[in-house]
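Trainee: Kindly generate the complete structure, drawing on both the sequences and the hints.
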Amino acid sequence: MTTVRILPEILSNQIAAGEVVERPASVVKELVENSIDANATQITIEIVNGGKSLIRVSDNGIGLLRDDALLSIERYATSKIFKKEDLLSISTMGFRGEALPSIASVSKFILVTRTKDSDIGTKIDIAGGKIHNVSDAGAPVGTMVEVKQLFFNTPARKKFLKSNTTETSHIADAVSGMALGNPHVQFRLFLNHKLQKSFSLSDDLFQRSVRILGRDVAGKLYPLEFADEFIRIQGYCSNPSVTRRSSSKIFLFVNNRLVYDRGLIAAIFKGYKGRIMKGNFPLGVFFVEIAFDQVDVNVHPSKKEIRFFNSKPVYQAMSETIDRALSCAQENMTVYSHSHILVSPDTGEKKAVETFDFFDAAVYPESSGKIEQSIIDWQTQVANKSDPVQKQKDPVCQQALPQAPGHPGTFVNPVILVSPALKEKSVLVSGTTKIIGQVMGTYILVETQEGIMLMDQHAAHERIVYEKLKRRYQSLNIQSQNLVVPETLDLNFKEADFLSGILDELKGLGVIIEPFGGTTFIIKAVPVIIDEKEIKPMIVDIIETALVKKDRFSKDEWLEQCLILMACHSAIRANLKLNQTEMETLLADLEACENPCYCPHGRPIMIAWTKQQIEKLFKRLV
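For the sequence shown, position 412 matches number 412 in the UniProt record's numbering, and the numbering has no gaps at all.
It should be emphasised that the hints constitute simulated quantities derived from the structure, not laboratory data. Quick caveat: nothing in here was measured; it's all calculated off a predicted structure. Even for Gly, the Cβ is constructed at its ideal location relative to N, Cα and C. One or more hints might be untrue.
EDC-like, lysine to aspartate or glutamate: derived pairs with alpha carbons at most 20 Å apart [stated by the list, open to error]:
(1) Lys194 to Asp67
(2) Lys507 to Glu532
(3) Lys312 to Asp216
(4) Lys470 to Glu320
(5) Lys507 to Glu557
(6) Lys494 to Glu514
(7) Lys524 to Asp497
(8) Lys524 to Glu514
(9) Lys555 to Glu467
(10) Lys536 to Asp216
(11) Lys108 to Asp136
(12) Lys507 to Asp556
(13) Lys162 to Asp497
(14) Lys123 to Asp203
(15) Lys158 to Glu146
(16) Lys616 to Glu447
(17) Lys312 to Glu225
(18) Lys123 to Glu225
(19) Lys533 to Asp490
(20) Lys273 to Glu289
(21) Lys507 to Asp531
Computed beta-carbon distance windows for the label pairs [unchecked claim]:
(22) Glu447 to Phe206: 51 to 57 Å
(23) Ile120 to Ser198: 17 to 23 Å
(24) Thr581 to Arg307: 56 to 62 Å
(25) Glu557 to Phe516: 27 to 33 Å
(26) Lys116 to Arg307: 34 to 40 Å
(27) Phe309 to Glu594: 41 to 47 Å
(28) Gln42 to Thr166: 26 to 32 Å
(29) Lys549 to Phe309: 35 to 41 Å
(30) Ile522 to Ser198: 21 to 27 Å
(31) Arg324 to Gly441: 22 to 28 Å
Mentor: And the structure:
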């Protein structure tokens with residue numbers, strides 16, 4: 001008796017469903033793609049309980065005849081390809097003929113469809129892959145697919161589903177992505193019988209991009225345009241000052257198909273090189289149009305992964321297009337003068353930029369913007385990526401800097417100052433130090449009894465603010481101020497769900513936020529140290545950091561991260577000129593800190609060279 005057997009069709013469909021149907025969002029994606037391939041201009045998605053109870057997708061596409069409808073639920077039945085050569089030039093969203101039978105095998109499934117030439121439609125009832133009934137049905141032209149009780153017959157799969165809110169979030173993200181890629185289609189998303197999202201036919205790509213990326217970035221999106229005989233790139237990329245902690249706001253399309261491609265992501269980062277900090281992600285919508293026979297979408301059943309047959313020119317075009325757009329935008333920016341006088345580009349009126357008094361200590365001038373900060377910090381991060389000095393945190397560490405080209409052994413070992421060494425040498429005690437000046441608008445050069453020292457002004461102020469914030473939090477004394485005009489905050493479902501659960505904790509940090517309907521919140525009060533333009537970025541930063549690292553944080557660790565991020569957004573920026581008094585006060589405040597050697601993120605605040613090391617550089621000592 002043989003031991004190798006051909007599996008029953010229902011079982012093979014359920015196995016296929018494991019690859020095609022990962023979660024409710026996968027069902028929505030497959031059904032909406034079928035609607036797009038059917039030339040629909042109106043698509044309605046209805047979701048109940050995160051898609052676990054109900055997923056219904058209706059369209060006004062071309063519909064199906066009864067025989068075609070019955071064939072569509074057979075595995076490997078498709079109208080989109082006919083011969084093997086077609087796989088080399090796929091122009092439709094779907095083509096495998098697996099989605100409908102896979103979905104029908106793990107749910108209670110109803111398909112209703114009618115073509116414009118038919119007076120009556122067709123209704124097919126299926127449960128667990130078995131057809132229960134085929135009947136006539138009155139229906140508008142188009143197709144409606146209803147999926148109930150997903151994974152009802154595969155409990156092992158069902159138990160891996162997340163909460164309703166999490167599954168809803170994935171569905172909303174999938175719909176948003178497909179709405180971006182198909183601005184010629186009207187989308188409506190209903191959640192638990194309430195209209196949650198609507199994208200009208202009058203929306204252009206920019207309007208949909210703003211709807212999905214956030215209204216706050218509307219004025220910070222730069223258009224992308226490139227075309228040659230092989231490839232075309234379009235879309236929008238964000239100002240380098242607008243970043244996120246994850247890639248969730250990067251939308252990549254190849255021939256209007258939402259995809260994920262590591263090479264394209266790397267090309268986007270290359271376009272931003274020198275402009276954003278390491279670990280941050282830009283926002284953007286990126287479209288690549290290329291001949292269908294130059295890209296393989298038959299890599300995985302989910303069709304999210306692709307392969308270019310010649311990827312190098314695609315990646316190069318993407319990075320160069322982004323770099324050119326950002327460079328052109330930067331050339332047209334209004335720049336603050338050293339005297340901090342802002343000149344209106346419209347009226348020519350001059351307005352003094354106010355300064356802020358943090359914690360009744362020194363007066364540090366207002367940051368001149370996040371773009372300069374991003375450029376400086378990103379360059380610093382990249383320059384030090386392979387520098388062991390940045391990685392070493394032992395009590396007194398000495399690591400070799402990179403050698404000068406053509407002069408081996410020219411550079412000597414600087415010392416990253418840490419707390420014990422600082423206290424023993426009294427490096428920061430007034431009277432033993434002399435501020436020489438500011439270097440590159442970012443570092444303060446200090447002469448000490450032992451030699452010279454470079455201090456990162458942003459990292460130093462971040463440490464000062466963090467320790468004072470932490471003391472005030474521990475003593476329940478963080479002062480808040482009500483906003484004259486409350487700020488609204490538009491979030492996605494995952495972010496809104498998380499924020500709803502931490503409102504009390506944020507209140508203890510001086511941040512008062514209230515729900516404002518749907519996924520919108522209103523910010524009513526913030527700590528007095530927070531600059532108005534930093535309010536939203538700070539809140540978004542707190543949420544995204546927690547979502548990215550939530551499995552690694554305890555509650556206390558998360559609160560610690562909140563304080564760190566608040567300090568970061570409150571601190572003076574890099575590339576900001578300070579006068580002598582401001583630098584001296586910054587140095588004195590740093591000396592009073594418990595740990596004046598590292599910023600709360602762990603980066604060194606100061607690097608010192610002894611007189612002996614300097615003399616070795618000039619060959620005075622051997």
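Trainee: A separate judgement is required for each hint: does it hold in the structure or not?
Mentor: Verification of the supplied hints:
no. : hint                         : result
1   : Lys194 to Asp67              : violated (35 Å)
2   : Lys507 to Glu532             : holds (18 Å)
3   : Lys312 to Asp216             : violated (34 Å)
4   : Lys470 to Glu320             : violated (44 Å)
5   : Lys507 to Glu557             : holds (17 Å)
6   : Lys494 to Glu514             : holds (17 Å)
7   : Lys524 to Asp497             : holds (19 Å)
8   : Lys524 to Glu514             : holds (8 Å)
9   : Lys555 to Glu467             : holds (19 Å)
10  : Lys536 to Asp216             : holds (9 Å)
11  : Lys108 to Asp136             : holds (19 Å)
12  : Lys507 to Asp556             : holds (15 Å)
13  : Lys162 to Asp497             : holds (13 Å)
14  : Lys123 to Asp203             : violated (34 Å)
15  : Lys158 to Glu146             : holds (18 Å)
16  : Lys616 to Glu447             : holds (18 Å)
17  : Lys312 to Glu225             : holds (18 Å)
18  : Lys123 to Glu225             : violated (46 Å)
19  : Lys533 to Asp490             : holds (16 Å)
20  : Lys273 to Glu289             : violated (24 Å)
21  : Lys507 to Asp531             : holds (18 Å)
22  : Glu447 to Phe206: 51 to 57 Å : holds (53 Å)
23  : Ile120 to Ser198: 17 to 23 Å : violated (31 Å)
24  : Thr581 to Arg307: 56 to 62 Å : holds (60 Å)
25  : Glu557 to Phe516: 27 to 33 Å : holds (29 Å)
26  : Lys116 to Arg307: 34 to 40 Å : holds (38 Å)
27  : Phe309 to Glu594: 41 to 47 Å : violated (58 Å)
28  : Gln42 to Thr166: 26 to 32 Å  : holds (28 Å)
29  : Lys549 to Phe309: 35 to 41 Å : holds (38 Å)
30  : Ile522 to Ser198: 21 to 27 Å : holds (22 Å)
31  : Arg324 to Gly441: 22 to 28 Å : holds (26 Å)
Comparing the model with each numbered hint stated earlier shows that hints 1, 3, 4, 14, 18, 20, 23 and 27 do not hold.
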